[in-house]
Amino acid sequence: MNSRIGHWFELASWLLICLVTLSTLNLVSLQEGWRLGLLWGTLFLLWVVSKLARKPTAGLYLVAILGGIGSVFLLRLDPSYFVNQLNGWLVGSLLFILALFIDWEKVRYTWFFGFLSLGLTLWTLILGYEVQGAKAWISIGPFSFQPIEVTKVLLTLFLVNFLYQNRLEISKKSGIELVKVLAPALLLFFIIFGLLVLQRDLGPGLILFMVLCTLMFYIVKRVSLLILAIGLALGGGAAAALLFPHFKMRILAWLWPWDNAYDSGFQILQGMFALNNGGIFGVGLGEGLGTQIPAIHTDYLFALIGEEMGFLGASVVLMSFFLLVCWSLTIAKRLKNIRGQWIAIGISLVWVYQVFFVVGGIIRLVPFSGMTLPFVSYGSSSLIANMLMIGIITSLGKVH
Amino acid sequence: MHKRYELGLFLFVSILFAAMLFTLAYWQVFSSTLNDHLLNPRYQQLFCNPRGSVLDRHGNILAQSLLIDGKYHRQYTEVSSLIHVIGYFHDKYGLTGIEKTYNDVLAREQNLTTTIDLVIQSKIEKIFTDYVGAIVLLEPATGAIIAMVSSPFIDYARMELDWENYLLDPNAPFVNRALQGLYPPGSVLKPLILGAAYEEEIINADSKWDDQGELSIDGRVIKNFGGNALGLIDPANALAFSSNVVFAEIALKLQHSLLEYLKKAGLGQATQIGLGESVGNLPNKVKGFEWGQIGIGQGELLVTPMQMAVISATIANNGVRMQPYLVYDSLAIRKTERVFSRTVAAKITEAMILAVNNGTASLAQVSGVAVAGKTGTAQSPAGEDHSWFIGFAPANAPKVAIAVVVEHGGFGGQVAAPIAGEVLKMYFDLTQEER
Numbered sequence: 002m003n004s005r006i007g008h009w010f011e012l013a014s015w016l017l018i019c020l021v022t023l024s025t026l027n028l029v030s031l032q033e034g035w036r037l038g039l040l041w042g043t044l045f046l047l048w049v050v051s052k053l054a055r056k057p058t059a060g061l062y063l064v065a066i067l068g069g070i071g072s073v074f075l076l077r078l079d080p081s082y083f084v085n086q087l088n089g090w091l092v093g094s095l096l097f098i099l100a101l102f103i104d105w106e107k108v109r110y111t112w113f114f115g116f117l118s119l120g121l122t123l124w125t126l127i128l129g130y131e132v133q134g135a136k137a138w139i140s141i142g143p144f145s146f147q148p149i150e151v152t153k154v155l156l157t158l159f160l161v162n163f164l165y166q167n168r169l170e171i172s173k174k175s176g177i178e179l180v181k182v183l184a185p186a187l188l189l190f191f192i193i194f195g196l197l198v199l200q201r202d203l204g205p206g207l208i209l210f211m212v213l214c215t216l217m218f219y220i221v222k223r224v225s226l227l228i229l230a231i232g233l234a235l236g237g238g239a240a241a242a243l244l245f246p247h248f249k250m251r252i253l254a255w256l257w258p259w260d261n262a263y264d265s266g267f268q269i270l271q272g273m274f275a276l277n278n279g280g281i282f283g284v285g286l287g288e289g290l291g292t293q294i295p296a297i298h299t300d301y302l303f304a305l306i307g308e309e310m311g312f313l314g315a316s317v318v319l320m321s322f323f324l325l326v327c328w329s330l331t332i333a334k335r336l337k338n339i340r341g342q343w344i345a346i347g348i349s350l351v352w353v354y355q356v357f358f359v360v361g362g363i364i365r366l367v368p369f370s371g372m373t374l375p376f377v378s379y380g381s382s383s384l385i386a387n388m389l390m391i392g393i394i395t396s397l398g399k400v401h
Numbered sequence: 006m007h008k009r010y011e012l013g014l015f016l017f018v019s020i021l022f023a024a025m026l027f028t029l030a031y032w033q034v035f036s037s038t039l040n041d042h043l044l045n046p047r048y049q050q051l052f053c054n055p056r057g058s059v060l061d062r063h064g065n066i067l068a069q070s071l072l073i074d075g076k077y078h079r080q081y082t083e084v085s086s087l088i089h090v091i092g093y094f095h096d097k098y099g100l101t102g103i104e105k106t107y108n109d110v111l112a113r114e115q116n117l118t119t120t121i122d123l124v125i126q127s128k129i130e131k132i133f134t135d136y137v138g139a140i141v142l143l144e145p146a147t148g149a150i151i152a153m154v155s156s157p158f159i160d161y162a163r164m165e166l167d168w169e170n171y172l173l174d175p176n177a178p179f180v181n182r183a184l185q186g187l188y189p190p191g192s193v194l195k196p197l198i199l200g201a202a203y204e205e206e207i208i209n210a211d212s213k214w215d216d217q218g219e220l221s222i223d224g225r226v227i228k229n230f231g232g233n234a235l236g237l238i239d240p241a242n243a244l245a246f247s248s249n250v251v252f253a254e255i256a257l258k259l260q261h262s263l264l265e266y267l268k269k270a271g272l273g274q275a276t277q278i279g280l281g282e283s284v285g286n287l288p289n290k291v292k293g294f295e296w297g298q299i300g301i302g303q304g305e306l307l308v309t310p311m312q313m314a315v316i317s318a319t320i321a322n323n324g325v326r327m328q329p330y331l332v333y334d335s336l337a338i339r340k341t342e343r344v345f346s347r348t349v350a351a352k353i354t355e356a357m358i359l360a361v362n363n364g365t366a367s368l369a370q371v372s373g374v375a376v377a378g379k380t381g382t383a384q385s386p387a388g389e390d391h392s393w394f395i396g397f398a399p400a401n402a403p404k405v406a407i408a409v410v411v412e413h414g415g416f417g418g419q420v421a422a423p424i425a426g427e428v429l430k431m432y433f434d435l436t437q438e439e440r
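As they're listed, the protein sequences go chains L and Y. Residues 2 to 401, numbered by the working numbering, are exactly what the first sequence covers, in order. Residues 6 to 440, numbered by the working numbering, are exactly what the second sequence covers, in order.
Chain L extracted, bound-state conformation (with noise of 0.2 Å):
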């Protein structure tokens, strides 16, 4: 196909995103609605971007139909929420064009990047404040902050460089010499696990030990290290419930809500029940209870969605993830330069878990941890972050 024709084709599709989903806009004032028009434009910029710079964009439509479904729902839940939203996606998209003008396949700042991870959460431990018994929250000046969600990219940055920089030695060593050459990388990462379990946040935490288990799995490929990663997994797994109340009741709540109704299981079984309620084809925007699930518009938005747009609008949502972790692996085996492959992969992966931990949770396939759906969910800091992220796979990505 001609190229131009292409691009025409494109910007149609864009057109049409952005009317399915201002078509929901008698739910909330026009006073409300053209924020949502603000939102279009950012991200058809971003596009015009993107286009300019000779960079894939399907990424920006995924993140469009998600940020869409996302907005429409912050809206109806109570307009204020999208205000803030708003700021979220204005910077993050700042740092998506930040992004877009960096050569990832040449940056080399392996352990700028894990002394940032490590200041960063050390910060958030000393001088943060706790939201729901987790102290992940910092102010600069009139703004609040979550450090762990630019964290998260910082330190995949961090792990993939390292091994990149050290593949050779991982090619050739096993055994205790390859513990020795991976040491100074686990210990980084192992502290910082640690900070987290001290400030009590244990999600993320379980989102960067995945990557890292499947990342070393990946890259070391050796199976007696999946097999250590397993181990330390449940083991640690069992010790955190053993020392830590607050990880003791969500296995418990996980496991056994209907025990738990009236305390711990509450926020599942409301999740359940919303879900329920929805069918096949959900019970139309608007006309969900959900709404009276605690977190609705950070942790349990994808509840909701459940419930208003039925079993069709959540897949609708998981097959938008899918495609957008199909669309960056693409890139990263199109990719000639490995240290570019990596940091593709490693980002999927952070998004892989977290889409997993986030809706696993609510369906109770995993214990349920308290993040935000990318994209989706309310929340700045983790909308900032996963901008970041969009935006150095859209960089690493070539139009042919």
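Calculated directly from the structure, the hints in this document are not laboratory data. Don't take every hint at face value.
Derived pair list, reagent style BS3-like, types lysine-lysine, alpha-carbon separation capped at 30 Å [claimed, not checked]:
#, chain 1, residue 1, chain 2, residue 2
1, Y, 269, L, 107
2, Y, 269, Y, 404
3, L, 222, Y, 8
4, L, 173, L, 249
5, Y, 8, L, 173
Given the coordinates of chain L, assemble chain Y onto it according to the supplied hints.
Chain Y alone, transformed into the frame defined by chain L:
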């Protein structure tokens, strides 16, 4: 090597997403509804909405929602024995009975017409109010349930006030004895055994036994009621005078084919009328003396009053068992099964008429109407015997089949039979007036 790892990663990611999609589909599409859970706000909302009415077969209202002060309230009749059938719809105590089973229909504001006759139900309730047990009235030709009274029951008007007392009541007013009460049938099983014996041709109308009042099997003894020797006796009189000796002998001859007839007649299975029910118990490994026990309706065999009413209706309906039902539904597919041939059904009927006219069930007689029936006195391990009666009338063209059980009531002919007689008289007096 590298390609394989790439593929593995992609497969791994796909599996994670597939697991999410399938679990999501389970909760959203395939799982049974969670909307009836007390903690579900959607369930609480149910009680603010209008709701369809439940009607009896003549259009009388059994349950309806009335708008009072902007909120809908569920109102029931004064015939509180219907609580075992209609159930209740209460924001604190939940949903039971038809209110629960047909919640989907009623919540759509559609009315539901039941087969219950409000007037007959109410009269039976009055007759039976001092007893503990159950009465079931069926239309033999269709299986429609005319009345179902289980006593004691919860008074709709006093439900909230006395809830705690009802919970502690040793007579368990929450249990619908007609469907959930499990009793040994005793001699009311005999018409079924007689039919099986005719079907399997191990007896005929000319068969004779010499009843000496007791029968010894494997060193253990089965006795007639009170040890009476009935002497030389034919099948019809053996049923009419409830000879344990004869029926234990028949069961010993029938053995496993008898179990087939019990199953065919619906014992050991749910009747599937859509309310919570017990299936009863059919013994599976039976030998020697235990066959004799089954012959007199004892041993491990346990039945519900509804199951016995169905057996009675089957004999009345020329041997064809109709699945009992509570709600008129033109789309419902109900099971019919031939248990006995027409001639065998007629022979059982003849013997049951004899039982009412000359035999143990004489107190079930109704003037002007020929009644066919059989009494039972079932031994209970927990005290006094249970008193049973099953039957139907008019015997030659049955309109109604009945089963009565009085828990620990004593001799069937003295307690259950006269109650059945009174109920049948009331039924025919009422239907006579209509004409």
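These are the hints, each one checked on the structure:
At most 30 Å may separate the alpha-carbon atoms for a hinted pair to count; residue 269 of chain Y and residue 107 of chain L exceed this at roughly 82 Å. With a CA separation close to 23 Å, the supplied pair residue 269 of chain Y and residue 404 of chain Y stays within the 30 Å bound. Under the criterion of a C-alpha separation no larger than 30 Å, the hint pairing residue 222 of chain L with residue 8 of chain Y is consistent with the structure, at around 12 Å. Distance restraint check for residue 173 of chain L and residue 249 of chain L: the Cα-Cα separation of roughly 42 Å exceeds the 30 Å cut-off, and the hinted pair is therefore not satisfied.
Under the criterion of a C-alpha separation no larger than 30 Å, the hint pairing residue 8 of chain Y with residue 173 of chain L is consistent with the structure, at around 20 Å.
The structure fails hints 1, 4 (numbered hints given earlier, in ascending order).
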